[in-house]
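Asker: Here are the chains, one letter per residue:
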Amino acid sequence: EADIYQTPRYLVIGTGKKITLECSQTMGHDKMYWYQQDPGMELHLIHYSYGVNSTEKGDLSSESTVSRIRTEHFPLTLESARPSHTSQYLCASRDRAYTEAFFGQGTRLTVV
Amino acid sequence: AQSVTQPDIHITVSEGASLELRCNYSYGATPYLFWYVQSPGQGLQLLLKYFSGDTLVQGIKGFEAEFKRSQSSFNLRKPSVHWSDAAEYFCAVAANNAGNMLTFGGGTRLMVKP
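As you go down the protein sequences, you meet chains A and B in turn. So that you can map any letter, position 35 of the first sequence is 107 in the working numbering, and since no number is skipped, the others follow by simple counting. So that you can map any letter, position 29 of the second sequence is 33 in the working numbering, and since no number is skipped, the others follow by simple counting.
The following block holds chain B by itself, in its conformation from the complex (with noise of 0.2 Å):
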């Protein structure tokens, strides 16, 4: 079964600066790599997603991602976050066959600071 480490709980970054948001993963093969934003008191939406082909992925609101098969990770990246980017984010992995489940990381909680 595959399982998702998001090793940092709470992280919080000055506006305007550079983020990165860890994910680690554990699955025998290649999975489907998601990232999703939750806003308090609201359910997930989807930042981007990994199949396959091109290893750094683009999402909305400027996020990007990039699978690095070797480390097992999938991180998430913005290059200036803003102050609506406070949330919680949850990267998810998903094995690659017809019945694969989806599973979740514990989350990150992103705090911004003027």
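Isolated chain A, as found in the complex (with noise of 0.2 Å):
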């Protein structure tokens, strides 16, 4: 069972405001990412992260913003949410280049 957990599981909230999703691990894993994906649809990577104080933008173009304080942290923030940011977002990490992503249960962020 893979010890990577995602708060909160459903969010809804009203445009304008400023929200943060949590991405926690227990494994001890270097590399963490985040994922967007639309109901029945691909994932896309928004942002990745090799270790602490290490950041990047991934291939799909996003608002948010994440950070990587802690090994086992890396919150996504959206300073002002808009109808277009709802979607399920999927947290994962990963230990060494050359085993599987683990992944979180995701949270469905709706935004009204």
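No wet-lab data here; the hints were simulated from the structure. Just to be clear, a hint being listed does not mean it is correct.
Below, in silico cross-link-like pairs of lysine to any residue (SDA-like), each with a Cα-Cα straight-line distance of 25 Å or less [stated by the list, open to error]: (1) A:Lys129 to B:Thr9; (2) B:Lys65 to A:Tyr77; (3) A:Lys129 to B:Lys117; (4) A:Lys129 to B:Ser76; (5) B:Lys53 to A:Gly130; (6) A:Lys129 to B:Ser7; (7) A:Lys129 to B:Asn104; (8) B:Lys65 to A:Glu114; (9) B:Lys117 to A:Gly112; (10) A:Lys90 to B:Gly45.
Got two chains here, each in a separate frame; can you build the complex from them with the hints?
Answerer: Given below as structure tokens:
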């Protein structure tokens, strides 16, 4: 069983609010990722990190930001939520280059 | 950069029938290959992976996949599908270098008829 957790699981929030999606893993993995996924659609990488103080933007442009102050924690922040941000956000972590990624349960965000 | 194609967006099979989900990749060398399954509203669970060695790999839940270098394919198979296998299936590829990224295919939605 993978030890990677996302909170909240579901979030409904008004336009213009600031939100932070939490992601934590207890496996000591250096690599962490955020993916955005619309229902029934493919995964798009929006942010990744190779370790503490390392963050990079992914393939899909996103208005969100991330931080990596501790190995186990990789939060994603939206400064001003908009309806276009409505989606599922999946966090993942990985140990070494030749291993699989472990995924959290996801956060389903709805901006009204 | 690598890429992954899953040609079938939807597949419907009868319970008890065999299943094959297709995955084709583009990469200059032998990549690392993965199959994940996603139930509605959930994260992704690893079914199986290929790094090297035997080209036929066994996974969880009775799934297997075969790496075919000549066809740049990594198709997922199951001899007898159960209703609980209905889900979204994603193929993923990663380059075999230290800074590799996982690239996912578009997914195939499997529906199982009773």
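Asker: A separate judgement is required for each hint: does it hold in the structure or not?
Answerer: Consistency of the hints with the structure:
1. A:Lys129 to B:Thr9: holds, 23 Å
2. B:Lys65 to A:Tyr77: Measuring from Cα to Cα gives roughly 24 Å; hence the hint holds.
3. A:Lys129 to B:Lys117: Violated - the C-alpha atoms of Lys117 of chain B and Lys129 of chain A are around 41 Å apart, more than 25 Å.
4. A:Lys129 to B:Ser76: violated, 29 Å
5. B:Lys53 to A:Gly130: OK: Lys53 of chain B and Gly130 of chain A at ~23 Å, within 25 Å.
6. A:Lys129 to B:Ser7: holds, 18 Å
7. A:Lys129 to B:Asn104: holds, 15 Å
8. B:Lys65 to A:Glu114: holds, 23 Å
9. B:Lys117 to A:Gly112: At roughly 19 Å apart (the allowed maximum being 25 Å), Gly112 of chain A and Lys117 of chain B satisfy the hint.
10. A:Lys90 to B:Gly45: holds, 23 Å
Comparing the model with each numbered hint stated earlier shows that hints 3 and 4 do not hold.
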